[in-house]
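Novice: In terms of our numbering, the sequence shown opens at residue 1292 and continues consecutively.
Hints in this document: simulated from the structure, not taken from any laboratory.
Please note: incorrect hints may appear among the correct ones.
Straight line, CA to CA, 20 Å or less: simulated SDA-like cross-link-like pairs of lysine to any residue [claimed, not checked]:
hint	residue 1	residue 2
1	K1334	A1351
2	K1377	G1299
3	K1366	A1314
4	K1366	P1388
5	K1355	V1383
6	K1377	V1303
7	K1355	K1377
8	K1366	V1296
9	K1334	Y1350
10	K1355	M1389
Fair warning: this is a prediction, and the values are worked out from it, not measured in the lab.
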Amino acid sequence: QVQLVESGGGLVQPGGSLRLSCAATGSIFNFNAMGWYRQAPGKQRELVATITRYGATNYADSVKGRFTISRDNAKNTVFLQMNRLKPEDTAVYYCNPMPPLGYWGQGTQVTVSS
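Given the sequences, and given the hints that come with them, work out the whole structure.
Specialist: See the structure below:
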């Protein structure tokens, strides 16, 4: 069973940047695509960005042009570079294959506030 450990969250001012990392215990190359998801308080979890096994990417409209997803297959790690952060980006961020497994990691909290 692959375990997913997210890190890199924190408190940042609007307009700032953060880089999230997701380390997997198994090979992420086994999955056709990996994704970053987020869940804000009182809202459903949503898919933010995906990257296929060979590097093709896709983004939710709300983050397009500001977020960049990448992966290092050799290190079984997925990244999310987040720039020009907005208060509405505040959420717990998770990584998971797309479609997701039946379980989630602990996530990493991102708070955008002045």
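Novice: None of the hints should be skipped; say for each whether it holds.
Specialist: We went through each hint and held it up to the structure:
| no. | hint | result |
| --- | --- | --- |
| 1 | K1334 <-> A1351 | 16 Å, holds |
| 2 | K1377 <-> G1299 | 17 Å, holds |
| 3 | K1366 <-> A1314 | 8 Å, holds |
| 4 | K1366 <-> P1388 | 16 Å, holds |
| 5 | K1355 <-> V1383 | 19 Å, holds |
| 6 | K1377 <-> V1303 | 9 Å, holds |
| 7 | K1355 <-> K1377 | 13 Å, holds |
| 8 | K1366 <-> V1296 | 13 Å, holds |
| 9 | K1334 <-> Y1350 | 19 Å, holds |
| 10 | K1355 <-> M1389 | 18 Å, holds |
When each numbered hint is compared with the structure, no violation occurs for any of them.
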